[in-house]
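S.K.: Chains as they are written, first to last, in our numbering: chain A, 259 to 802; chain B, 46 to 241.
Among the hints, erroneous ones may be present.
[Stated by the list, open to error] In silico BS3-like cross-links for lysine-lysine, where the CA-CA straight-line distance does not exceed 27 Å:
no., chain 1, residue 1, chain 2, residue 2
1, A, Lys509, A, Lys551
2, A, Lys343, B, Lys231
3, B, Lys231, B, Lys219
4, A, Lys343, B, Lys106
5, A, Lys343, B, Lys210
6, A, Lys343, B, Lys70
7, A, Lys609, A, Lys646
8, A, Lys343, B, Lys165
Keep in mind that the hints were calculated from the coordinates and are not lab data.
Chain residues, written in single-letter form:
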Amino acid sequence: MSDYINQSNYIGRVIGGSINRGIDIRLDSNTNVEELAVGRFVVIDGITHKFFAQITDITLHASNQSLIDLPPDFSNQIVSSVVSKIGVFSVIEVVPYLTLDGALATSEGVKPAKTVPPHFARTYLASEEDYQTVFGGNDNDHFWLGSPLDLETNIHLNLDRFVERSNGIFGKSGTGKTFLTRLILAGIVQKQKAVNLVFDMQSEYGWAGYNETGSGSVKGLKQLFSSNVALFSMDEEHSKRRNVTPDYLVKVGYNQIEPEDIVMLRDTLNLSDVAADASYTLALHYGQDRWFKTFTSLDGSQLRELAQTIGVNDRALSTLRTRLMRLERFHFLTDQESDHAVDSILQHIDKGIHVVLEFGRYQHEFAAYILVANLITRRIHQRYSRRKEEAMVDESAEPKQLVITIEEAHRFLTPGISSQTIFGTIAREMRKYNVTLLIVDQRPSGIDDEIMSQLGTKLSCLLDNDNDVSAVMSGVSGSNKLRTVISKLDSKQQALIFGHAMPMPIAVKIRNYDEEAYRSLGLIERNGSDYELDRDAKDLFGSH
Amino acid sequence: MENKDNRIGEVVEATTTSFISQCYKLYNSPHLGSLIKTGGPYPTYGIVYNIITQGIDPSRKPVVRGINSSSEEEVYRLNPQLEHLLRTDFYSVSIGYIQGDNIIYHLPPAPPPIYSFVQKCDGLDLINFSSRLEFIKILCSSGIPALDEVISAFIRNLADSQQDKENFLINVGKELIYAFPGDFRKMESILQKVLS
């Protein structure tokens with residue numbers, strides 16, 4: 259490892275520290291302290307290991323207190339030069355995250371750091387090769403996500419590990435959550451690591467989305483991957499206005515609405531616990547298929563009669579009826595509907611085709627979003643659990659790994675209801691059934707702690723509310739140090755990424771989502787469509 | 046090594062750490078802080094730290110002679126015997142010696158013999174000698190009187206012969222900090238004397 263000696267990125271030597279507190283490195287007098295920044299990575303050259311560590315603090319020291327009490331004459335260039343080279347020095351505090359084994363520094367040799375480097379071990383700024391070793395190169399498992407804040411090198415996300423567990427993307431409004439989500443979804447499609455089901459509330463992912471400035475549009479998944487992505491729509495008119503032909507128009511029958519959906523909507527519809535719970539009694543009373551429509555068509559006297567029969571407060575029932583009638587204005591609701599939509603989604607998923615469900619004009623209707631997402635997901639969950647059990651006998655029946663993306667997740671996963679809803683179940687244990695969630699949210703403190711702590715990988719854009727930062731950081735070691743990083747991110751295009759799919763936490767400048775990105779994701783312009791025809795043919799008829 | 050023009054005296058007393066030389070000519074001593082070099086089996090480098098002029102017989106003190114003279118020079122002109130009755134000695138601290146072609150920055154294995162010739166070091170000698178700065182430590186630990194003055198006078202001599210004077214002085218400053226650990230005041234005052 260001595261090949262590092264005399265390299266220009268040498269910065270100093272270890273002078274002390276501990277595994278809990280971090281390692282202190284005294285900077286060489288030739289190192290400019292202003293060039294180092296908190297969050298930057300360094301490599302410490304130990305005897306048998308290289309340590310990959312992150313700068314968490316920078317302090318200024320004087321070798322003699324008298325220098326501080328009675329500063330020397332700085333007008334004398336020579337004296338001030340001697341003092342600045344010898345009398346004062348800077349110490350950086352770094353936290354070693356990983357050890358890289360000896361000369362065979364491959365990603366297999368990367369392990370969590372459980373020891374510290376010896377005294378006076380040489381320390382260097384991490385080079386591009388070091389980053390590649392730790393975060394992986396551009397291969398089929400890794401997706402290029404961006405670059406570290408201080409260096410032009412590529413940081414990759416391990417998609418294999420990413421899709422294994424439920425993940426979260428957080429950040430204040432306008433910090434680039436949607437942009438980051440779109441990029442990751444594109445990565446999953448490109449590398450074929452899982453099939454996506456996206457509940458696309460604002461119609462941002464499917465065909466086209468707004469760019470960061472809001473002035474133009476960027477290509478969505480359908481434009482990039484055409485036949486690999488199916489657009490489902492809740493609102494035909496909206497699709498037509500945008501000149502997009504959806505692959506499937508989703509309708510939901512009143513017969514499909516279950517009491518659990520109403521419980522989910524409790525906050526959105528402003529229902530009391532009694533009123534929400536009454537829906538279970540109603541379903542029992544009228545039968546699952548008929549309860550909703552029958553109940554909402556009751557008149558005043560029938561309602562009072564019903565209240566007496568089923569023993570529920572009639573005012574609660576009356577409120578419930580009024581609130582449920584609000585749902586009837588959604589045009590996608592029909593009287594009777596079988597599970598066609600879910601069947602079609604599952605058929606696409608089985609073929610490996612990604613599904614984006616656009617909500618069109620309902621983009622501001624949380625009730626519509628929650629209702630549909632919950633309803634569809636519950637059915638998919640039932641099918642997946644069944645098929646996974648079948649797969650225990652017949653391995654070929656193993657369902658494809660599915661990633662369900664939901665926005666405004668705190669409305670699904672609030673502490674009160676997360677234990678009862680399907681999303682709570684998936685976040686907790688559906689990993690075993692090949693279904694994971696990708697939660698996109700701007701208010702992580704509104705999400706149940708238990709769910710937050712189960713998330714595998716978290717990607718956090720700028721957050722400045724203390725509660726939100728704490729929620730994102732729950733269950734992370736060294737969170738105090740990472741908190742500073744989160745609150746110091748730029749408000750655009752930067753995210754702190756940590757958890758299962760990253761060997762260590764890192765702040766990343768997210769790559770641009772532009773023409774170049776489209777090309778690297780595999781888009782060929784339509785006028786040069788031979789390639790695309792070829793690809794479509796392959797998708798249809800297989801590669802032979 | 047023998048440069049007759051630069052010869053100024055001979056060693057008259059020597060110890061392991063220092064030696065005393067007597068000038069050939071009265072008052073012809075090298076200045077305080079000058080680098081000198083002796084002959085002998087271990088040609089020794091010394092730095093002048095003390096200069097004494099007195100009667101050749103220490104038991105007989107000089108008496109005043111100039112009450113009727115108009116100038117000090119006249120006193121010596123009217124009493125030519127004084128050149129022989131008085132002598133100038135200079136004390137030097139040993140800080141290195143020559144072995145073959147190399148300068149060794151340690152004390153010599155043996156002090157220079159009595160009557161070793163002593164010569165002043167010229168520009169080239171100064172440059173060669175100052176290529177390394179270990180002598181600063183020996184000088185600082187020698188315990189000679191008026192140490193700061195001697196060091197600053199010597200460093201001034203060396204600095205004048207350097208191409209990159211500023212860098213040289215910065216390096217000297219560092220060595221001074223190592224020699225007087227943590228004493229930035231001393232380093233500052235010595236460097237200020239050098240520059241003034």
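S.K.: State for each hint whether it applies.
M.R.: Verification of the supplied hints:
Distance check on the hinted pair: Lys509(A) and Lys551(A) sit about 16 Å apart at the alpha-carbon level, within 27 Å; holds. Taken as a hint, the Lys343(A) and Lys231(B) pair is honoured in the structure, with Cα atoms around 16 Å apart against an allowance of 27 Å. Taking the CA atoms of Lys231(B) and Lys219(B), the gap is about 12 Å. The hint holds against a cut of 27 Å. Taking the CA atoms of Lys343(A) and Lys106(B), the gap is about 53 Å. The hint is violated against a cut of 27 Å.
About 17 Å separates the Cα atoms of Lys343(A) and Lys210(B), which keeps this hinted pair within 27 Å; it holds. As the CA atoms of Lys343(A) and Lys70(B) are separated by approximately 46 Å, the hinted pair breaks the 27 Å bound. Taking the CA atoms of Lys609(A) and Lys646(A), the gap is about 17 Å. The hint holds against a cut of 27 Å. Taking the CA atoms of Lys343(A) and Lys165(B), the gap is about 35 Å. The hint is violated against a cut of 27 Å.
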